[in-house]
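2 protein chains.
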Amino acid sequence: MEKAVCLISGGMDSAVSAAIAKNEGYEIYAITFNYGQRNKKEMESAKEIAKWLNAKHKILEVNLRQIGGSALTDNIEVPEETYGIPITYVPARNTIFLSFALAYAEVIDADYIYIGVNAIDYSGYPDCRPEYLEAFQKMADLALKRSVEGRPIKIKAPLLYLSKAEIVKKGIELGVPFEKTWSCYREGEKHCGRCPSCKLRKKAFKEANVEDPTEYEE
Amino acid sequence: MEKAVCLISGGMDSAVSAAIAKNEGYEIYAITFNYGQRNKKEMESAKEIAKWLNAKHKILEVNLRQIGGSALTDNIEVPEETYGIPITYVPARNTIFLSFALAYAEVIDADYIYIGVNAIDYSGYPDCRPEYLEAFQKMADLALKRSVEGRPIKIKAPLLYLSKAEIVKKGIELGVPFEKTWSCYREGEKHCGRCPSCKLRKKAFKEANVEDPTEYEE
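Going line by line, the protein sequences match chains G and R.
The opening residue of the first sequence carries number 103 in our numbering; numbering runs sequentially from there.
The opening residue of the second sequence carries number 103 in our numbering; numbering runs sequentially from there.
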């Protein structure tokens, strides 16, 4: 059985992305980064999703608070509206995460890495764009021992060109337990319903015409 | 004063690379990775070099033992002779280190990253090749908030096309205290003088016709 490393954040997109990998027949090696994100619910959700996938799950301690520069790791309040690149942007986050995924894939001898990035209904992060992923792939094709051996590791982003509503529909089709995923930027017991990430989540279910299983504060 | 992030490992090459950055007039922000390398002397050397450079020095905890797959982080003996890509290769190491350097450079608003990689007398690592660095640069030019703002961060590898002997000569010219640097892969009090890295070090001083200040076990 071929192996795929799947980045699982605890959110909806990475759960659907990994479910697609599973559906394509790969043995799933899930990784989740404990990067100093303020919200701890994400981690519990990631564990639940990995369990649902029947995946091996590795939690990597990669402390991005040492670097700072983001509302997700520093004590900066997340506003309800954002323009341009939001303050929830974490410098080089996907680059750092994909680099670790490359290393892990090489060590366990996996041919694929699945990441749930999305260029349509996304948050304006530069490292979610198709041209970024293409450039990362080209770099990866030169970076590794496996590259030199002619066995490159391929990065797959199956949600790249899907809308949030299409992601929800795809997830439903694959039986993804969305009630176990977490999107909220805040630190509450329930999804706040007001932060940019909660708004995207609500919109996704609404546009997909699917009942939203999320408990929101409001 | 413009800022440059300099990757400092404690070895000769990164010390010379950072000395070149300093000589070019940048304010030096040195970073060193505590990545689970077995040799602890490297870290002491890195601190000494940073002090000599009068640099701000940040030690980043980035544990690559979580990933494994290398004699430098796992309990695998380093042989005296190697062929092809050696077992001291650490999967995706430069990719991970440069990714953190990008994040840090963006947070402190540095325009440059200096890395001491070398494609001539190098150890056969795929992530020391010019084509790898070019591809990393292209990826970096798309990855960051700064990229979108048209202020890319440039990666400089001033030693890329120098021989080890030329690196020694350049270092002597800039007053680099080579006696404070560390190259040995083993865990002894002195340089072993026999591992591939010690052999390269000895050869460098010999070919540069410069007295080797290193104390070797043999």
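If you're looking for bench data, these hints aren't it; they were derived computationally from the structure.
Hints may contain errors.
Any copy will do: because identical chains look the same in the list, a pair fits if it lies in one copy or spans two.
[What the hints assert, rightly or not] No farther apart than 27 angstroms at their CA atoms in a straight line, the calculated lysine-lysine pairs in the DSS-like style are these:
| hint | residue 1 | residue 2 |
| --- | --- | --- |
| 1 | K301 | K247 |
| 2 | K105 | K305 |
| 3 | K142 | K247 |
| 4 | K305 | K272 |
| 5 | K160 | K304 |
| 6 | K258 | K247 |
| 7 | K160 | K272 |
| 8 | K272 | K304 |
| 9 | K305 | K247 |
- [ ] Can you give me the call for K305 and K272, within, between, both or neither, at a CA distance of at most 27 angstroms?
- [x] within (15 angstroms within a copy, 60 angstroms between copies)
- [ ] Measure nothing new, just compare the shortest in-copy and cross-copy C-alpha distances for K258 and K247 to 27 angstroms and report within, between, both or neither.
- [x] both (20 angstroms within a copy, 23 angstroms between copies)
Open item on the list: As a check of your reading, is K301 near K247 (CA-CA no more than 27 angstroms) within one copy, between copies, both or neither?
Closed with: between (43 angstroms within a copy, 23 angstroms between copies)
Task: Within, between, both or neither: K105, K305 at alpha-carbon 27 angstroms - done: So K105 and K305 fail the 27 angstroms test inside a copy (34 angstroms) and across (43 angstroms) alike.
Task: Intra- versus inter-subunit Cα pairing at 27 angstroms for K160 with K304 - done: neither (30 angstroms within a copy, 41 angstroms between copies)
- [ ] Evaluate K305 and K247 at a C-alpha cut-off of 27 angstroms and name the case that applies: within, between, both or neither.
- [x] between (43 angstroms within a copy, 26 angstroms between copies)
Task: K160 and K272: within-copy, between-copy, both or neither at 27 angstroms Cα - done: within (25 angstroms within a copy, 44 angstroms between copies)
Task: Within, between, both or neither, where K142 and K247 count as close if Cα-Cα is 27 angstroms or less - done: So K142 and K247 pass the 27 angstroms test across copies only (26 angstroms; inside, 35 angstroms).
- [ ] Evaluate K272 and K304 at a C-alpha cut-off of 27 angstroms and name the case that applies: within, between, both or neither.
- [x] Classified as within; 16 angstroms inside a copy, 60 angstroms across copies.
Checked against the numbered hints given earlier, this structure breaks hints 2 and 5; the rest are met.
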